[in-house]
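Listed below are the residues making up each chain.
Protein chains: 2
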Amino acid sequence: MRRLSRADCERLDSTDPLGAFRNRFELPDGIVYLDGNSLGALPAGTRRRLDELVREQWGKDLIRSWNCHDWIGMPRRIGAKIARLIGAGDDEVIATDSTSVNLFKLLAGALHMRPKRKVIVSERGNFPTNLYIVQGLIRLLGQGHELRLVEADELPCALDTGVAVLLLTQVDYRSGRLHDLAAMTRQAHAKGILTLWDLSHSAGAMPIELNAAGADMAVGCGYKYLNGGPGAPAYLFVARRHQGDVQPAIAGWMGHAAPFEFAPDYRPAPGIERHLAGTPPVLGLAALEVGVDLLLEADLHLVREKSRRLGDLCLRLVEQECTAFGFERACPHDSAQRGSQVAFRHPRGYAIIQALIAKGIIGDFRAPDILRFGFAPLYLRYVDVWDAVAALHRVMHNKAWDRPELEHKTTVT
Amino acid sequence: MRRLSRADCERLDSTDPLGAFRNRFELPDGIVYLDGNSLGALPAGTRRRLDELVREQWGKDLIRSWNCHDWIGMPRRIGAKIARLIGAGDDEVIATDSTSVNLFKLLAGALHMRPKRKVIVSERGNFPTNLYIVQGLIRLLGQGHELRLVEADELPCALDTGVAVLLLTQVDYRSGRLHDLAAMTRQAHAKGILTLWDLSHSAGAMPIELNAAGADMAVGCGYKYLNGGPGAPAYLFVARRHQGDVQPAIAGWMGHAAPFEFAPDYRPAPGIERHLAGTPPVLGLAALEVGVDLLLEADLHLVREKSRRLGDLCLRLVEQECTAFGFERACPHDSAQRGSQVAFRHPRGYAIIQALIAKGIIGDFRAPDILRFGFAPLYLRYVDVWDAVAALHRVMHNKAWDRPELEHKTTVT
Numbered sequence: 001m002r003r004l005s006r007a008d009c010e011r012l013d014s015t016d017p018l019g020a021f022r023n024r025f026e027l028p029d030g031i032v033y034l035d036g037n038s039l040g041a042l043p044a045g046t047r048r049r050l051d052e053l054v055r056e057q058w059g060k061d062l063i064r065s066w067n068c069h070d071w072i073g074m075p076r077r078i079g080a081k082i083a084r085l086i087g088a089g090d091d092e093v094i095a096t097d098s099t100s101v102n103l104f105k106l107l108a109g110a111l112h113m114r115p116k117r118k119v120i121v122s123e124r125g126n127f128p129t130n131l132y133i134v135q136g137l138i139r140l141l142g143q144g145h146e147l148r149l150v151e152a153d154e155l156p157c158a159l160d161t162g163v164a165v166l167l168l169t170q171v172d173y174r175s176g177r178l179h180d181l182a183a184m185t186r187q188a189h190a191k192g193i194l195t196l197w198d199l200s201h202s203a204g205a206m207p208i209e210l211n212a213a214g215a216d217m218a219v220g221c222g223y224k225y226l227n228g229g230p231g232a233p234a235y236l237f238v239a240r241r242h243q244g245d246v247q248p249a250i251a252g253w254m255g256h257a258a259p260f261e262f263a264p265d266y267r268p269a270p271g272i273e274r275h276l277a278g279t280p281p282v283l284g285l286a287a288l289e290v291g292v293d294l295l296l297e298a299d300l301h302l303v304r305e306k307s308r309r310l311g312d313l314c315l316r317l318v319e320q321e322c323t324a325f326g327f328e329r330a331c332p333h334d335s336a337q338r339g340s341q342v343a344f345r346h347p348r349g350y351a352i353i354q355a356l357i358a359k360g361i362i363g364d365f366r367a368p369d370i371l372r373f374g375f376a377p378l379y380l381r382y383v384d385v386w387d388a389v390a391a392l393h394r395v396m397h398n399k400a401w402d403r404p405e406l407e408h409k410t411t412v413t
Numbered sequence: 001m002r003r004l005s006r007a008d009c010e011r012l013d014s015t016d017p018l019g020a021f022r023n024r025f026e027l028p029d030g031i032v033y034l035d036g037n038s039l040g041a042l043p044a045g046t047r048r049r050l051d052e053l054v055r056e057q058w059g060k061d062l063i064r065s066w067n068c069h070d071w072i073g074m075p076r077r078i079g080a081k082i083a084r085l086i087g088a089g090d091d092e093v094i095a096t097d098s099t100s101v102n103l104f105k106l107l108a109g110a111l112h113m114r115p116k117r118k119v120i121v122s123e124r125g126n127f128p129t130n131l132y133i134v135q136g137l138i139r140l141l142g143q144g145h146e147l148r149l150v151e152a153d154e155l156p157c158a159l160d161t162g163v164a165v166l167l168l169t170q171v172d173y174r175s176g177r178l179h180d181l182a183a184m185t186r187q188a189h190a191k192g193i194l195t196l197w198d199l200s201h202s203a204g205a206m207p208i209e210l211n212a213a214g215a216d217m218a219v220g221c222g223y224k225y226l227n228g229g230p231g232a233p234a235y236l237f238v239a240r241r242h243q244g245d246v247q248p249a250i251a252g253w254m255g256h257a258a259p260f261e262f263a264p265d266y267r268p269a270p271g272i273e274r275h276l277a278g279t280p281p282v283l284g285l286a287a288l289e290v291g292v293d294l295l296l297e298a299d300l301h302l303v304r305e306k307s308r309r310l311g312d313l314c315l316r317l318v319e320q321e322c323t324a325f326g327f328e329r330a331c332p333h334d335s336a337q338r339g340s341q342v343a344f345r346h347p348r349g350y351a352i353i354q355a356l357i358a359k360g361i362i363g364d365f366r367a368p369d370i371l372r373f374g375f376a377p378l379y380l381r382y383v384d385v386w387d388a389v390a391a392l393h394r395v396m397h398n399k400a401w402d403r404p405e406l407e408h409k410t411t412v413t
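Residue numbers (this note's numbering), protein chains in the order written: chain W, 1 to 413; chain Z, 1 to 413.
Next comes chain W alone, as it looks inside the complex (with noise of 0.2 Å):
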């Protein structure tokens, strides 16, 4: 193959049918930011609505803003906001909660569904608050459930009638391993199992056609592609078809049929709604919405395309330029069978993400040796990839990882 070179990167930049998002958000200089998988950049249009919600509506109308500027009507609108991205109806999808919670209740109304059938089948290296959620859920029904983990390859075999519920993220937070998610619900349906999708990883990356594939629940986080900012609140979906048989287990107030008639006895609303909990995270919300208002601008089939590219673009590089340094790919060489992110091994993986932060190239490691490159494509460049690429040769050229490391602090997916 041809050896790149920046100006290749340069000339694909000019003609990116989506290089103009990157001017609506607001990026620090001196930044490579390969890391919008764990928490996605500031749009330029967030910091106006969150004053302006803070100032003219909590400060000024006060508790009228629930009516006047509909707060209340914000988990429906936002949620069907995000029903566009992902291949939902409008009355499909509702944002409320975090990720972990919205696992919860979806996986306690799935099982509700299927009562003689005690499996949860999902995968080993899923993403750990999913496989905490199980365990937490069947200690605290006691009814003898089990999780069962198997290797991706491995699913077809595992999916037998005694499965009520197949849970699986559908890009591999390590890996990047991408799910056909069609398939596996075809395969699962075929078993009478429920199919809970955890989109966190892929919403907002590619097109995702939940109804199409005809899948039964999803969740989703907030706060990585939607760019809805840190810890912004998650989503749900449950298809329409099963809605009236999805009991909540969390049974708040904001799910009842009439909230505000304060009635003694829980009357579960009729729709999505029902999966509400508590009272809406406002500040939270609006910062979602924005999020979500501007991808929704974008073409998802080009933010896939160029998703992809920037992915190819980044594993050729780190074989043309790294070949030396022992990094061993970990994720799926072909773009159609990978989310939005790249992954390597590396003994001295943590080391090495330490050594590139310090430079500016902001990427992630996953215990216990995985190195992470994700890529956003509305605001990341090609030539962000090569700055990446470069910086990542002149740090095992020069050994920049090979110091005291630094502690081994926490960082959030």
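If you are wondering where the hints come from, they were derived from the structure by calculation, not from laboratory data. Each hint should be verified, as a subset may be incorrect.
The calculated lysine-lysine pairs, modelled on DSSO-like cross-linking and capped at a C-alpha distance of 30 Å, are [claimed, not checked]:
(1) K118/W x K118/Z
(2) K118/Z x K116/W
(3) K191/W x K116/W
(4) K359/Z x K399/Z
(5) K116/Z x K116/W
(6) K399/W x K359/W
(7) K81/Z x K60/W
(8) K60/Z x K81/Z
(9) K81/W x K60/Z
(10) K191/Z x K116/Z
(11) K60/W x K399/Z
(12) K60/W x K359/Z
(13) K118/W x K116/Z
(14) K191/W x K118/W
(15) K81/W x K60/W
(16) K399/W x K116/Z
(17) K359/W x K60/Z
(18) K191/Z x K118/Z
Label-pair ranges, simulated between beta-carbon atoms [unchecked claim]:
(19) G162/W x A158/Z: 38 to 46 Å
(20) R22/Z x R77/W: 28 to 36 Å
(21) M113/Z x D265/W: 21 to 29 Å
(22) P115/W x A158/Z: 26 to 34 Å
Model, not experiment: these values are computed from the prediction. All residues carry an ideal CB built from backbone N, CA and C; glycine is no exception.
Place chain Z on chain W using the hints.
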């Protein structure tokens, strides 16, 4: 009793030791805000804090902010501050999720600690989400639990050795009636019953001494007297002696003993952190912290003293000015038995509240016929109470409520 005048109220304001706090809030002109028990007003420092957080932290330091700005420590840090408002240790409170979700988590934990007891006792008039959460959990567990609802004066008789948990809201959201937290906790403990208190309508308006009372668990909301903003994160308290025994029902990754090891098996954090689930809602937490910090500057005994006086003044002025109009007091007369609010019944309650709101007097209606006025002592003046009652007099005298009613819309407590 001597007839009071507006000048009397002005004199009270001029010697109010909390008077200076009013300038620490951004309050709209021409409004008397008697709904701080529903949504607290905007602290003057909140906008700057949020803008700094968004611009400097999210925008510039991006993912690194979890460490360098200690976002990851916010639930614990803010929880420790709230602990000082409610008489708890700094390792006993954490800021997270909504009140409804926290109630769910702690109720599930409490039932697990009393496996042979099947009854949860609460009040018939408890805030509905508390009752709904219990109903939802009972249904979810399917273990034959029962919610026993009684009137406040029947509580002592309802507490027997079949009861697992006594779930009470310290201040009733409609009547404002205040429970004796220590006495009720004592009565419950005498029968081996765990207490779970909802402090939403009391915390921040009076000193609370959870540990002095021996309380077991508590939850509370951040957007009322804590002035944390619409839908602010809530908090939960678990007494230190119970912390190892309360297994998290929602076993999310943030409650793991080592969340960033990404281990496949859930292992709860040893302390209060185990009750975290998803990623902390940073924007909401930042606003909440400003409200809590402001409250921590005030002496809660002075806050309580002023709160009682404001309520007494309101009751006395309504008696003085509005005797002819058929209001029936729906709150305790003795301020020692009352939270920071008063309530009246009137058959035209909804229309009267709407007419008051049109005049800039923001009170609250609670079905079926309750007019509710809350007093947030940090920003409310005695003259505000005068002006509110004067407006009420005008509304009633001119029959300003006797118009085609506005559509009965939602409001949020």
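Next on the checklist: Hint by hint, where does the structure go against what was stated? Just the numbers, ascending.
Outcome noted: Violated hint (a single one): 16; every other hint is consistent with the structure.
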